[in-house]
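Asks: Spelled out from the first residue to the last, the chains are:
There are 2 protein chains.
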Amino acid sequence: MAEVRANKKVVFKDFITGFPKESDMEVVTTDTVRLKVPEGSTAVLLKNLYLSCDPYMRSRMSKHDEASYVPDFVPGSVITGFGVGKVVDSSHPDFKVGDFVWGTTGWEEYSLITAPEMLFKIRYTDVPLSYYTGLLGMPGLTAYAGFHEICSPKNGEYVFVSAASGAVGQLVGQFARLMGCYVVGSAGSDEKVSLLKNKFGFDEAFNYKKEPDLNAALKRLFPEGIDIYFENVGGLMLDAVLSNMRNHGRIAVCGMISQYNLEKPEGVHNLFYLITKRIRMDGFLVFDFYHKYPQFEEITMQYIKDGKINYVEDAAEGLENAPAALVGLFAGRNVGKQLVVVSHE
Amino acid sequence: MAEVRANKKVVFKDFITGFPKESDMEVVTTDTVRLKVPEGSTAVLLKNLYLSCDPYMRSRMSKHDEASYVPDFVPGSVITGFGVGKVVDSSHPDFKVGDFVWGTTGWEEYSLITAPEMLFKIRYTDVPLSYYTGLLGMPGLTAYAGFHEICSPKNGEYVFVSAASGAVGQLVGQFARLMGCYVVGSAGSDEKVSLLKNKFGFDEAFNYKKEPDLNAALKRLFPEGIDIYFENVGGLMLDAVLSNMRNHGRIAVCGMISQYNLEKPEGVHNLFYLITKRIRMDGFLVFDFYHKYPQFEEITMQYIKDGKINYVEDAAEGLENAPAALVGLFAGRNVGKQLVVVSHE
Ligand SMILES: NC(=O)c1ccc[n+]([C@@H]2O[C@H](COP(=O)([O-])OP(=O)(O)OC[C@H]3O[C@@H](n4cnc5c(N)ncnc54)[C@H](OP(=O)(O)O)[C@@H]3O)[C@@H](O)[C@H]2O)c1
Ligand SMILES: NC(=O)c1ccc[n+]([C@@H]2O[C@H](COP(=O)([O-])OP(=O)(O)OC[C@H]3O[C@@H](n4cnc5c(N)ncnc54)[C@H](OP(=O)(O)O)[C@@H]3O)[C@@H](O)[C@H]2O)c1
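Note that the protein sequences, when read in sequence, are chains A and B.
Each residue of the first sequence is one higher than the one before, starting from 1 at the first, in the working numbering.
Each residue of the second sequence is one higher than the one before, starting from 1 at the first, in the working numbering.
Next comes chain A alone, as it looks inside the complex (with noise of 0.2 Å):
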């Protein structure tokens, strides 16, 4: 017989809109679970321990009457996202018992995974496996494959990115360094200011909520103008920006996170610059970059081993804090890569 455990969930309440609460999920422990995959199945059985709390799980909490890019969450069944866990039963010819994976699971102890082939195989288990929700996982392929795929970098050039210190923010400005660019950081605290330059090597930061005047702080941070900007919070930033462009420049698309609450997105006004100064901007999504994964976790597990990217991350601990993590994303609570931590093993 196999063993049956109880399995604490973070279950989803019901749609919302505006900013997300903590009292829009409940942590429960109603059911039960059987540590076994069903019989005929090629399911695997994961024990989670690290799940991560990403921006565009807020999208999943409001109602969409078309289909969205992602499927909305379902009211009273748990939350679901990327995580990290470790394989307690399968059988799935390519998982085996003692396997580490990262990919999309539950918010509970013990998921059941029906289509394991969307699990990645964690391949180093000689760096913390709470990486694979950051720095080696979903948040750290959008940096590399947006920036190096998306905003054609040359050594040299002036690099902007907001949400600087977060899980992509981070890795993002760190690639562009080693690419030789001068790399400029905006963040929402005198402390995440400090960390873009003395931890992640940031030429310059600054504290948004504390320029009066966006414009002129990119006007001053870059007098020649930028050639990038890697966009992750939309709005009145992507304005500013769009005026202090070099021609021939270059916006990767990545997030607008300003605008995830709000009824009616803000308006950009200074898109007329994108013909006179000749700007490209490109949306994308990570997903279209999975195929990269191979490659990306290769070179950046090199530059670990060399000590030539640094990473700082943001760990709740159980899955009782998982609520709050994820809600304070939209507040700028997390400071690095925000995950929970279910089980350290």
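By construction, these hints were calculated from the structure, which means they are not laboratory data.
A portion of the hints provided could be inaccurate.
No copy labels: a pair is met if it fits in one copy or bridges any two.
[Unchecked claim] List time: in silico SDA-like cross-link candidates among lysine to any residue, alpha-carbon distance up to 25 Å: (1) K264 - L236; (2) K219 - S62; (3) K96 - V33; (4) K86 - L112; (5) K277 - E266.
Fit chain B with the ligands to the supplied structure of chain A, relying on the hints for placement.
Replies: The following block gives chain B with the ligands in isolation, referenced to the frame of chain A:
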């Protein structure tokens, strides 16, 4: 002794804000011109035949504190712009009397061109020379390079063109049809809509002034969505297009004429779709594609000879009517390419 002639011209009075008016320009015949280039120069003297009215000229009527992408007009001086002329004297080895050229000239009967290297020699005189203000000139190259170089079109794709009956738009639509695309255009009158469908071979067209809901109009005409948007107008239309783009769509940002006379540009709200639909938005200026002119001219001449391209121009007779013709662009009074006939030979 060289002949001296009166030289009627259109003078720019003073910098403006808002919509341009005829009274912002003045037609005068105060100067005379000597029909000979100065001794020791490498200039040419042009008799101007056809002048081009182009939307970008509006920008030159405003005072810019920072240098803009085109120089401001000089109050009290003659308006300059694209035109077609005949060489009546030359001390430049590449140009001889009787040559026809197109390029930047003055809004006057005769212009002394001191840097004739910037002029294009007209190689085909078996088409109306006025075509070199449009179909075979700057707007033609804009349509050609903008569509083929920026939009990466593929056979069978869904293409939308705004300001579609104008100088650039009518050609973009026809280039797209020649590529086997499905093409819809918008324009500001029923007469123009009928031109689009019956003369230029657009699959569909609509009068945007009669559509209470642009989003609904685009949904109706593009049930599968838009792959390529050739952007000529900006503002509300851009927002409606963004919600109707398909995944991996492309937007060539050519112009935003609906914004040129506003004190503050309207806000564009739907940019988040750039990410979820992985849209590329690419601003461009025709000046960057001048090296493609010979190839473009060759191909387009062949289309004309084969009867594969139709062309509609709107000619104002005489310099006296030039201010009204220019101003008319911003009210949509032109039907097809707006030009001014200074002299038929
Ligand atoms: N395209 C893709 O495939 C893809 C994949 C992953 C992530 N993304 C996007 O990338 C961006 C960064 O994601 P991440 O995972 O690295 O998150 P993160 O930066 O680690 O966390 C979010 C940060 O956004 C900032 N923020 C929150 N509200 C803001 C506001 N109103 N204005 C400006 N900044 C605000 C906060 O930092 P401050 O203290 O600095 O304000 C917060 O710490 C997000 O927009 C996300 O949606 C896109
Ligand atoms: N990037 C470049 O290098 C480049 C080069 C050339 C031209 N352009 C741009 O391309 C666009 C078309 O130029 P064109 O020479 O072909 O001009 P055009 O279309 O021949 O003439 C301008 C037309 O714009 C439309 N229009 C005027 N005000 C409008 C408004 N508020 N909203 C919507 N439509 C409006 C009118 O047509 P309706 O009756 O249909 O409203 C008018 O006939 C312009 O935006 C221009 O600036 C860019």
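Asks: Next step is simple, just say for each hint if it's right about the structure.
Replies: Comparing the hints with the structure gives:
{"no.": "1", "hint": "K264 - L236", "in the structure": "both (14 Å within a copy, 15 Å between copies)"}
{"no.": "2", "hint": "K219 - S62", "in the structure": "between (37 Å within a copy, 23 Å between copies)"}
{"no.": "3", "hint": "K96 - V33", "in the structure": "within (19 Å within a copy, 91 Å between copies)"}
{"no.": "4", "hint": "K86 - L112", "in the structure": "within (12 Å within a copy, 80 Å between copies)"}
{"no.": "5", "hint": "K277 - E266", "in the structure": "both (23 Å within a copy, 19 Å between copies)"}
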